Structure formats: C-alpha cells, structure tokens
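Colleague: One letter stands for each residue in the lines below.
4 protein chains.
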Amino acid sequence: MKLKLAGRECKEKTIVKVGNVEIGGDELVIIAGPCAIESEKQLIETAMAVKKAGAQILRGGAFKPRTSPYSFQGLGEEGLKYLHHAGQENNMPVISEVMDPRDIDMLDKYVDIFQIGSRNMQNYSLLREVGKGRKPVMLKRGMSASIEEWLSAAEYIVLEGNRDVILCERGIRTFENYTRNTLDLMAVPIIKQLSHFPIIVDPSHGTGREELVASASRAAVAIGAHGLMIEVHPCPCDALSDGVQSLDFEKFQSLSKDLFTIRNCLDLL
Amino acid sequence: MKLKLAGRECKEKTIVKVGNVEIGGDELVIIAGPCAIESEKQLIETAMAVKKAGAQILRGGAFKPRTSPYSFQGLGEEGLKYLHHAGQENNMPVISEVMDPRDIDMLDKYVDIFQIGSRNMQNYSLLREVGKGRKPVMLKRGMSASIEEWLSAAEYIVLEGNRDVILCERGIRTFENYTRNTLDLMAVPIIKQLSHFPIIVDPSHGTGREELVASASRAAVAIGAHGLMIEVHPCPCDALSDGVQSLDFEKFQSLSKDLFTIRNCLDLL
Amino acid sequence: MKLKLAGRECKEKTIVKVGNVEIGGDELVIIAGPCAIESEKQLIETAMAVKKAGAQILRGGAFKPRTSPYSFQGLGEEGLKYLHHAGQENNMPVISEVMDPRDIDMLDKYVDIFQIGSRNMQNYSLLREVGKGRKPVMLKRGMSASIEEWLSAAEYIVLEGNRDVILCERGIRTFENYTRNTLDLMAVPIIKQLSHFPIIVDPSHGTGREELVASASRAAVAIGAHGLMIEVHPCPCDALSDGVQSLDFEKFQSLSKDLFTIRNCLDLL
Amino acid sequence: MKLKLAGRECKEKTIVKVGNVEIGGDELVIIAGPCAIESEKQLIETAMAVKKAGAQILRGGAFKPRTSPYSFQGLGEEGLKYLHHAGQENNMPVISEVMDPRDIDMLDKYVDIFQIGSRNMQNYSLLREVGKGRKPVMLKRGMSASIEEWLSAAEYIVLEGNRDVILCERGIRTFENYTRNTLDLMAVPIIKQLSHFPIIVDPSHGTGREELVASASRAAVAIGAHGLMIEVHPCPCDALSDGVQSLDFEKFQSLSKDLFTIRNCLDLL
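Residue numbers (my numbering), protein chains in the order written: chain A, 402 to 670; chain B, 402 to 670; chain C, 402 to 670; chain D, 402 to 670.
For reference, chain A alone in the conformation it holds in the complex (with noise of 0.2 Å):
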C-alpha cells in the first residue's frame, strides 16, 4: 500500500476540529440525527433531543443516495436550510452528505462536515473536489473496499490540500444477510495502527436493524472507536428512510448514556 499522507508513518494522530468538538481526541464524538431530512420540525425536535442526550453533532441527509430512484431522494438545498437552522439553534455543527462534485459550494453555506458515503468512496472527482475545500470530510467505506482500498481514497482527499479526514466504518457485505451488513469493527484498531485519521463507526447501516444498534455501539466504543454516527427519528415507523434501522429519542438517550459510562470506564484500564 502507497500512503505517501494518509499513513502511520507521516503523522501519529490527527484531531479534526469542529467548532467546540474535537472527533479523535479523548473524548467519545456521537453525531446523530435522521437518515432523511424531511422537515423543520423533525430536524429541530430531533436535533434538540440528541444535543440533550449528549450528542455533539447533527447529521441529517438532504440528498440521499437511494438504490431505487422511486426512493425518497431528500429535500435538497432546502432540507440543508432546516439543518443549518437546527445546528444553529442548538449550538452544533452539522454535517450531510455531498453527492456530486457540481453541490460542493452550495452546501458549503450549510454543513460543518462533508460526508461522503459508501457509494461514492471511490468517486475520485467527488474526492479531489472535497479535497481542496477547507471543511473536514467523512470518509464512509465502501460496501466491499478493503481497508488498503480505504485509504488509498482518503489518499485522494488529502493530496489536494485537505487533511481534516474521519473514516467512518459502516459495515461491508457479505455472505450473511441477517444484518444489512457485516460490521467490521476491527477497522477501528487496524486503521489506528495503519493511519493516524480519526476513526467512526455507524452502527445503525453497520446492523440495519434497531434492535442491534445498541450492542453494536457499546462494542464500538470498547474497541475505541472515536465517535459513531447514530440515527436517530422522532418516530421511526413514519420515517420516510431506513426507519427499520433509527432509534427514537428515548432509546438514544439511553444509550447515549450508557456509551459514555463505558468510555469512562475504559480510562481504568
């Protein structure tokens, strides 16, 4: 593997910085929120309930990459409009997902953070474009990219400029179809001893089922994973995207604590 910048070797630890948060630092980064943006008041009720339950960053999709194109595709520029909104209200950086390089400067007046998902890891255009933009960049990993193939894209990002990148691991496919995915949480501690990125895990496409969201998460955690990206709806059964896999308010509050309890916990070690 060719990592002339997103290796080991050149750098022992990046902490990216976003307003008040620190994401790969010492303390745990929960960033929740729906899958969809559907409206202001989800955004808001949602974004105040995950703030108040710990949350540290906001996350709600405005363009959605959607396997049938008869799928709800988001809001758009308008649905970024409610989540700046609600990041604002709630002192809380926000961060969405950018799908083609033509929106970067759009959302740039919105988000904190540019995701990139799964579909697009290797979509050099979108990464070159993302990569010479100032705003940190979450990289998720491709459904079937090796973790070499992996960097090899943060690879890409970094080269033009940008160094802030998060890896976010979200589960690959596999033979097993029980869960959505298969969530290989080994990532985290192979990508801290191959990269010095901050390293994520996303156990709600991880599982794809509510149920298993919880226990993914805490196993997330022990394994030292420097945040997770959680999703989270008012009401679950109404959402208009991956409702199977979203946690409501009260289920994320309770896990939210129990997370941080663990991640004390491992401090004793």
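Derived from the structure by calculation, the hints contain no laboratory data.
Heads up, a few of these hints could be off.
Claimed, not checked - Part of the chain C face toward chain A, derived, beta carbon under 8 Å: (1) R574; (2) T575; (3) F576; (4) N578.
Claimed, not checked - A partial selection of chain B residues facing chain D, derived with a Cβ cut-off under 10 Å: (5) M544; (6) S545; (7) R574; (8) T575; (9) F576; (10) N578.
Bear in mind the structure is a predicted one, so any value in this text is a computation, not a measurement.
Even glycine gets a Cβ: it sits at the ideal position worked out from N, Cα and C.
Assemble the complex: chain A is given as a structure, and chains B, C and D must be docked to it using the hints.
Modeller: Frame of chain A, contents of chains B, C and D only:
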C-alpha cells in the same frame, strides 16, 4: 425489485445501434483496445490490429479510476482525441469511461458510447447526467452489486430519457483471490430473463489474468453474452495499466477467431 | 501452496477410469440422476431416461447432508441397493455421497465412485479414509474454499494412496443471492493449470435454479470442463430434495444433446 | 428457520455447567491455552499461567484440522493425556476438538467439553454422535455459515439428547484479507435473541493477528459475550500452529485483567 423501465415486462428486447454495429442482436460484438490510452501510436496500432481480428468497437480509457492517486490517471482529453481519430481511421465506434458529470459535454465530442465504471455504478449524479444524453451508455456492474441493484442503477439512466443502456458483467468481489474478481457468468442469462438490455462480459477485469481471458471469453459466448470487452495492448508488459490482464495482438486474433466459431456453433443448437 | 502429489508439476494428467467411462480424457462425461434416491421406481426410470439421453454415470444420494435435521435425510443403505441395481440394469457406473468414515465399507459394496460433499471438503478423517480405498473419489469444492484449500484437501486423499480424484466445482458462497451459489467457472481452467485431476461442474447446485442449469452447463463445456453432474428427476415438483434445481427428462435430453454439440464444436478451435 | 429445540421460543436460557464453571450465566468465562498441544511442559506452564490470570477453562488441540496434510497434525491421544493432567493439576475443566466420530469414546476419557471445529460445523455424523453423549459441546461457526445454518447445526446435536451446547463465533470468510477472518461480533446479540445457548467469541482465529486480539476481546465482552476462547503460548514465535495469533503469558494476563474490568463495568449500565 421495482423496475418500471428496465424490466422485461416493459419491453422485449433493446438493440443498441452505434454506427453500423448492433449490440443486443444476433451478431457477437467484440469491443477491444487498451485499458488506458498511452499514445497515438499505441492506439492506432491497436485499433488496426483488433479491427483486422474482427472487433467492431474500439475501447480506450482516458480518465482512469485508479485505487491509488499515484497510479497513472490517464491522458484526459488528449487521449480522447487519439481515440476519436483511431476510431475514424478504422471506421469503428469508440467507447471510453466518464467519471465526472462535468466532463460529459467534452467527452461527447469524442466518444460514441459512454462507459460508467464499476466504482461509479451507484454514482447517481453521473447516471442521471448520461441519462439525459442521447449516446448509448455501458453500465458496468459494481464490485459488490447485486443483480437487483445493477438493474436499479440502469433504471436511473433510463428514467432520464436515454433508453440505450448496455450492461457489462465484470466480476464481483468474493473471498477467492486467485482471480482479481469472480466472474459471475450467470449474470448473463439472469439479465436476459429480468431485463431487455444487451449484456456483455469483460473477461479482462473479470479474471485479472491474461492466461484466463480466452477461457472466460469462450464461456461467455456459450452462455449467450451479446458481446465481450477485451483489453488488448501492443506490448502488455509495458502497459501503464492492467498489463497483466491484457492480450497481445496475436493472442487476441486467435481468441477472436475462436469466439466467432463458438458463436456460429450456437446456431446449431 | 505446498502440493506434492496434487500439483501439475508431479503429473501431466490423470484420467480416471470407471467401467467403460474415462473421466478427464477427451470425451465429455455427464453424470445425471436425482438429488436424493426416493424409490426404486424413481431411480430406474431416471436411469433409463438419462442413459438414453447420453449420460454415462448415474448419481443418487442415499445419505443427504441437509441443513435442517427435519429435512429428508435419504434412504440410507436401502437407497444404495436401488442405485446399484439401476446402474447394473443400465450398464452405468454409479456415484453416491459418503458422509461418515464408518459407512465406507458398506457403501463400497454399492458405488463405483465416492462423492465427498461440499460440507465435508475439509473433513480430514473422511478424506483419509476414502484415500485408503481404491475407488475414485469425487471431491466437491467447499462453499467458501479457495482453490488452494480445495487442492490441499485433494492432497489428503492422494497422500493415502488413492490417486483417482475428480474435482467438482459447485458454486461458492458470495453476497449475491439471486442464485443459490455463485458458480465459479474460472475454477475449470485454473484447476487444469495447477493440477492434473479431471474437473467437472455441478450446474444444479451451482445455480439452484432449474431455468439456469442449461446456460451454466453450456458455459461449463465451452470453458473446458471434463464433465457435468446434473440433477434430473421424473417430476421435479414432487422431489423430496432440491426439486427447484432439477431438470425433468425432456429438458435433460434437450440439454444433453446441446452439450455434446458444443463439445464437438470445440474440436474446431 | 425451523428450530424446535435450539430456538428461543423453547427455552429462556441454557447455562452449561462444567466442574465449578458456569457458561452462559453472569460470570465472564475465559478459555485459554495453546492452539496445539506440543509437550507436557508447554501445557503445564500454560495452564498455570492462564489459571493465575483468571482463565477458568484450559484449551489445547490434540487433533488439528490443518489445511495442508504436511502441517503439524497434533499429538493425538498422547496430547490429550497431557491436557487432562494439566487440567487436573490446576483444577480446570479442559476442552479439545474432536474430528472423527470414531474418536469420541477415547476423547471422552480426557476432555470435559467437546469442541466441534469450523470445518466440521456441518459434519452431521459427528454432530449426531456428540449429541448422543452427555458432555457439553462447543460448536464453532463454519467459515461461511449463516446464523441460521449454525443454529440448525446445533439442532442436530440437541435432537440427539444433549442439551449442553455452547456456540462460538470465530469469524467468517469475506473479501477482506487484512485479518484472517472477519469477526462477526453482531452474532453475539443475534444468537442471544434467537436461541438460548451461551455464546462465546474466539478473537484469535477471528482476527488471526496477535496485535488485534486484545481489541477484539474487549469488544466481545462489551457486546455481551458469555466468554472468550483465547490462544496462549509460552513462546508464540516457536508455536507449531497459529503462533502469529497467540498471546504470550504477559499479554494474556494484562488482557484478562482488562476484560474482567469491562465486564464489571457493564453492571453499571
């Protein structure tokens, strides 16, 4: 699977016409050429050799999606000029990969078929953009895409108005690593069953090994593929990309002859 | 890969002789019969039909490795008697699966070829035991076995003295679940390259869908398989095991004719 | 999935008792020892060290299922005598793998728990045979077994009368080859949801890399595994089998301490 336009229910058969070539009809179509365009000389020589051996369409990559940013990335527009010229000189339609929606207008001047590569199979911005055009689109299967996801990606293109989609099986990612990918030849009859698009096979990426390309190609013809896309290079050892899976002129000529023989033999069944 | 006896370096070509049939030579060998032996009548009828259609060897399972203990487990020794009898009546060698080293002596009275199933590819006690015998062994590839592991399993057999090993590709497990398994046809040329054993293909398990068996079989012949093993049942809808992937007599006869035509065509290349 | 005896509907919880140890209860159970028994000295030393560090059960392989017949195959009955002796000296129950139904009576004299290895997860003769016995059986997940197939394999055991089954997740085979297998930790909560058996994790085979064993183990405890099975060797570099994934005494002691700390922490949630 919700397919309104890509499904077999909506149409019996799509035959894509490019110049004098029909893809999806009775004739076996062979697309050949180098993985990456390296020079005008390389391309002209290759075009003449593959044309003489029976290939009807010329391929050549000008924008190369490479795992590492330090690998050869292609000659860009300069390469497309060579491709266009070589195609015209030999009366062959040409195909090349597009990676960025912003490049489409430029490529449109030079290519007869747009190729969407495996890494971009779910790059929906790109799919929509080629879907708005009039030139045929060859959509390669993603490395870990199910047949269903692949056809749903085709639906994105057709939904924008462009009905000339050609599907290309190029191997999927599995645990077996003797070959670069595992060529899923069963995709050929399955695609014919579920959709109306022509289906071709790429034995070069599908195996990743020059010595297996002939075997894979024979099987692809026997299973009913409408065509093949084969990497050919004047001197595979010196190739800047994928030399290990490229045929030289002599091997390609010999293979091509065999493939037409097998194709003819199928008429006896 | 450390292969002393199974590797190509040690021998050019193994031709396995069973009765008048040579497996691994120029002739295309077709093994056909029901997944599970259900009754004497079923077997006799099937034997006559497949013999007439050109099959040289009769298959039938008496000990069935089923995922669930509540599925039909086979008729045991009674079934083997039917198999033996049907083989003798039609002058066909017979093959059946052995699952337990303690059953080998008993099976030895009835079968001409021992089959080791996918689930037992690395059941080393069983491999060693059939390796001590004199009858040919057909070793099916494990569901997630690499080519290397498969050949190493063959080495276990040969090391005990029995050199008559036949390898059978039957599909590997991947993320794609439209088919029961992903038939890895490239295994055929690879096995020919790396070892000296005959290699046959099982399109029935390889696809798990009756409507794909013909396509898979054609491709297998074109890629150079020495033979095929195909599930045939007088009335697939009533089969106690794997009916969904079994051909009826008429379809088998039509397919068999096509396969010999394609085989002959290969001599033209 | 048709589970009459292995499913959660039929029983709330199985606690397997071996000597003074309860597997499946509140206590975290650590099984430790060498991959292969190599000598009496090796085993005695290891037993004392892991006992002191908190392990409750001693493991050691006497019959080793190795991919190549030329790899060390284990000491056989001699090794079992060492294991039995080391267990008695240290008041630890012992576990060892059985590969052949004909060996069960012999092993029964020496071991307290029978281990069924991954390669034999669907060796139904072997499953039935250990199912007829009274000693607990630890059933490792097959390399490409779905959760459903794994539980169905357990059903084979229980159906014969033996209800003391322990399941062990040890990684599945995927495209990712940085690790030897992909440890599917989500199997832990899923097994708890679908069945009543204790579920333990093998981080040694699950990762195949000594430097990842600690991370994997921490996550396994946090996700709720009832126990762990960890390979420990006095001198991993000299191990005859799997040295690259074995911990030395010091590392094991440090890890063990951490694991009990995390386990205690879970009581705070």
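Colleague: Next item in the hint list is C:R574. Is there a CB on chain A closer than 8 Å to its CB?
Modeller: Hint on C:R574: holds, closest Cβ of chain A at ~5 Å, below 8 Å.
Colleague: Hint validation: B:F576 versus chain D, beta carbon distance must be below 10 Å. Holds or violated?
Modeller: It holds, given that the least Cβ distance between B:F576 and chain D is near 5 Å, below 10 Å.
Colleague: Taking 10 Å as the limit, does the beta-carbon of B:N578 come near enough to a beta-carbon in chain D?
Modeller: holds, 7 Å
Colleague: Can we keep the B:T575 interface hint, with Cβ of chain D closer than 10 Å?
Modeller: Where the cut-off is 10 Å and the nearest Cβ of chain D is about 6 Å from B:T575, the hint holds.
Colleague: Under the criterion of a CB-CB separation shorter than 8 Å, is C:T575 in contact with chain A as hinted?
Modeller: With Cβ-Cβ at 6 Å, under 8 Å, it holds.
Colleague: Hint check: is the beta carbon of B:M544 less than 10 Å from a beta carbon of chain D?
Modeller: OK, holds: B:M544 within 10 Å of chain D, min 9 Å.
Colleague: Against chain D, run the beta carbon of B:R574 and see if the smallest gap drops under 10 Å.
Modeller: The hint holds - B:R574 has a Cβ within 10 Å of chain D, the shortest such distance being about 5 Å.
Colleague: Does the interface hint hold: is C:F576 within less than 8 Å of chain A, judged Cβ to Cβ?
Modeller: Result: holds, 5 Å to nearest chain A Cβ.
Colleague: At a threshold of 10 Å, is the proposed contact between B:S545 and chain D supported by beta-carbon distances?
Modeller: holds, 8 Å
Colleague: Tell me if C:N578 is really an interface residue toward chain A, meaning its C-beta lies closer than 8 Å to one of theirs.
Modeller: Result: holds, 7 Å to nearest chain A Cβ.
Figure legend: structure checked against the earlier numbered hints; every hint is met.
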